[in-house]
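The lines below spell out each chain.
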Amino acid sequence: MSVEQLLAAGTRRQRRALWVAILLAVLAALAAVLLLGISGWFLTGAALAGLGGTAAVQAFNYLIPSAAIRGLAIVRTAGRYGERLFSHRAALHAIAHLRPALFLRLAGQDAARALLQSPGEIATQLGADLDALEDRVVRRVAWPSALAAALAGLAAATLAGLASALALWATLAAMRLASRRLAGGALPGLRRQEAAALGALRAAYADYAAAGTDIAIYGLTDRVCAELQAHADRLDAARLAIVRREALVAGVLTVLAALGGALVLAFSIGPAPLAALAVLAASAALEAWAGLSRSDLQRPRIAAALERLAHFAEGNPADIEPVDNGPARLAISDKGTQTVLHRGERLRIGGPSGAGKTRLLETILGLRSDAPQTVETAGLSFAYVPQGNSLIAGTIADNLRMARPGVAEADMWRALDAACVGDVVRGLPAGLEYWLSSDLAALSGGQRRRVALARALLAGRDMLVLDEPTEGLDPATEARLTASLEAWLDQTGSGLLLVSHRHLPRRLAGQVLELG
Amino acid sequence: MNSAKSFFAPHARGLSPLAGLGWLADVVGAALFAGCLSLYIAALAGAEGVIGPFWLLGGLVLGGLLRAAAQGVAAVAGQGNANRVKARLRAAVYARLLPTAQRRGALAGEDLRVAVDNIEACEGYFARFLPLRRASALAPLLVALLVAPASWVSTAIMLATLVPFIAGMVLAGYAARDEADRQFEALSRLSGLFVDRVRHLPIILAYGVQDRIARQLGTAAGEVADRTMRVLRVAFLSSAVLEFFAALSVALVAVYCGFSLLGLLPFEAPEQLTLARAFFALAMAPEFYLALRRLAAAYHDKQQGEAAAASLSAACERGAAALLDPAPAPAAIARLGLQRFEVAYPGGWRIGPLDAVWQEPGLHAITGETGSGKSSLLGALVGAAPAAGGAVLIDDVPASPGALAAAAGWAGQAPLLLPGTLLSNLLLGNTQAGGEQITQMLALLGLDTLAERRGEDLPIDPRGSGLSGGERRRIGIARAALSGRPLLLLDEPTADLDDALRDKVIAALEYFARDRLVIVATHDAQLVARAQSELRL
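Chains as they are written, first to last, in numbering that gives the first Met the number 0: chain A, 0 to 515; chain B, 0 to 536.
It is worth saying that the hints were derived from the structure and are not from the lab.
Glycine included, C-beta positions come from ideal geometry on N, C-alpha and C.
It is possible that some hints are incorrect.
Derived list of chain A stretches under chain B, where covered just means 3 residues or more per stretch with a C-beta under 8 angstroms from a C-beta of chain B [what the hints assert, rightly or not]:
(1) 36-43
(2) 49-60
(3) 120-129
(4) 198-208
(5) 211-221
(6) 371-385
(7) 405-418
Could you put the whole structure together from the sequences, leaning on the hints where they help?
Okay, here's the thing in structure tokens:
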């Protein structure tokens, strides 16, 4: 199933709400057209009757139109409210259905590998892409309601004469053509330019920020700002060009709508009240019709979102199950020498920064496959504590349960204490139920890492995989943590794969593999 | 939020008023359209026409053209204003964040989000929301004013609907805000869940719990949808109030004018209406609430702008607090010392307290394991790492980081490269350096082959494309030495170099150290062997 099909499946489940939304949108559109049309007819008819004397006034049925005007005003309001409510409900639930399905798709190797590179940006982009799809579902009502308005307008114009109706029809067609042509031509290119300029600005900012000390010492702030502004100017220029293009689309449609109104009037052969009905109804219909251009303007954005989601969601599924052949072991071949590890054994991977230590760890875990070393694992399970923040947004207990569903609270505390972070968690307002958001620094980086370590300890896997476990800790805590880990390893007989620059934790592993 | 307003105020001066005026001119276009339409209908109904029907039809189209032009001008001028504000915000934010990134110990991603994304998020606030808010205060009054000569009663009707409208908006607005506040925490937690789980997909895969997480995501997403609907139900109510009064004012004007023309008003007619006047009032009635409806559609822009302003203003304060106080460079440094000097990062990582004395002239080394804080200590001397205690002494007198920064030539691990030529990049620290000096420096550091091979005008881009890591490093060292400052701080000057080049660079450093104080952070044993002192971390 492609992403598009997944979305279609999610939308199908919301058929009911969508139908209600469409029905209400159609009602609201019809009410808007009729409200203006009948008002114009009523006013002109009333004026003629008023001029015709008392008899004409008494013959004029004013009760029905005046009641209709009030009724239509209410229908239009209620219809729009209901339409918004139901279309958003359908969209929200359709996307809610898509999220878990999409997440499972993303759990493929390609996506995981890309996420290891820049997790924040890709995740944020995918979140924004889902919002774009949500918008597309909301806009499902746009076509039916615009069509209803157009048909009502055409019917009203027919009352003023066939020629008026034909003129309106021609205007409607011209508006669609103009909108599609003007939005479709240059806009996707401009959007790409905008995205490229934004990417270039980000990259340039990141480069210069990394050399912030040079900027401060040599007093180069103004020069660097000027260089960045040059990138930003390209972004702003692209934004302005997009707004110009969108204004052009809107402007052409406005002029065409006015022209359409004039043509309806010019070709009208009916009496004045019907001409008034026709022209006002046509104007309301043309206004609703012009709203369709928003879908044209959004189309490139939605296409790009679908493309991105498909790219990530339709890659190779990750193969993370260890292959079970023969006795449990881990073999790493690096430049002709082979290091073999059995259950319960400990290994430290060393080497200078940039030698690929983390890459090797993640290859052993099956998260990627681009390490220069050859890795074979059989019958071993791993519990990983990566270098950065690996706690998911949720409570501390949620994070610990990731490793072992249904784990008892006492076990959680034991693991947290072993990771030297139990006292910190006891001091939090809600303890284990404390909510860690991914953005707010509720716990320091070192404390978060130790909670992640507690999670790994709880998992009860054959081998603990630790990437710089004591980085960022003060010497006292580092010593305490190292001792505690050593005791835990001895007690449980777990194996260990360790990457650490620091002195203290090195004594945890006797065997060393030097890279680079 | 008033804080957004006051934060934006200095950056939002001198903006083009065309953005707001465009939306007002739109009303004039609408009036032209309505006027021609009503005269044409009146002529059809037999009234004496002063203007020919073709002129009236032309007027209709002209009205459309005017509206199109006015709306286009408003949109383009609004974007122009937004671009101007963004440029000023960038200048202000970059100047505070860029030179202080290391000193604040800021996460690169965090700064990038503020400096790029938050500034972009202000766009809608200035491009759409602000002009529309200005226009929405005046446009209804302009409509009322234009309708008044045709039918002052219709004007009165429209204005009268404003009172209950405002009351309704206040009630619906409060209800929406209360409901949004009630749901805010739960919603913001839940709605970020998908992005969070995708971000942590690798660790989820490492534990093999993707199925369980996907199920949780499904439940959470359903809950988000339900809670969002609760907020939307109330939020849409305020647009429904707007819609209702817009429709009501049209209906009331239509009914009043109709009955007045029929002579059936239950009270004495307050004014003598003709079809043309009545029709004009009717055609203008939908315009009365149009500006407010447009403003309501820009509400999201307002929220985004205010949220961005809060984050930008906090970042600017943090940045400004971390800017070095400018101080004059000391004329000479005979001795540089550390006294119980400490560095501490926000995460809790600390270096020190340290004591040291470095004599000028001379070559001194700071050594230690990778990650022991050599670079951070070197940076902390010039205020490029968060110093936490103790002092740096120049000739036994405590000195500010600003004074040290002014006295130091600096070469970090990845020296800054600006678009330009090799020469312009060498001279970033001192534009006065002469040609002979430069040639000598290039030869000393083994950069002469690069200059000969590709010329001193070799174009350079910020990524250093076409340069090796070692070449970048040596450009940084040459720049520091050419700056002519009495103190040289060099981070791993001999890394990324082969043996021959390394010997050359070490010889050059010894040459510099004959009349300057050179401090290097290094793990190169050969370089340490030539140093007069070693500070081990």
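Hint check:
no., hint, verdict
1, 36-43, "holds (count 5)"
2, 49-60, "holds (count 4)"
3, 120-129, "holds (count 6)"
4, 198-208, "holds (count 8)"
5, 211-221, "holds (count 10)"
6, 371-385, "holds (count 4)"
7, 405-418, "violated (count 0)"
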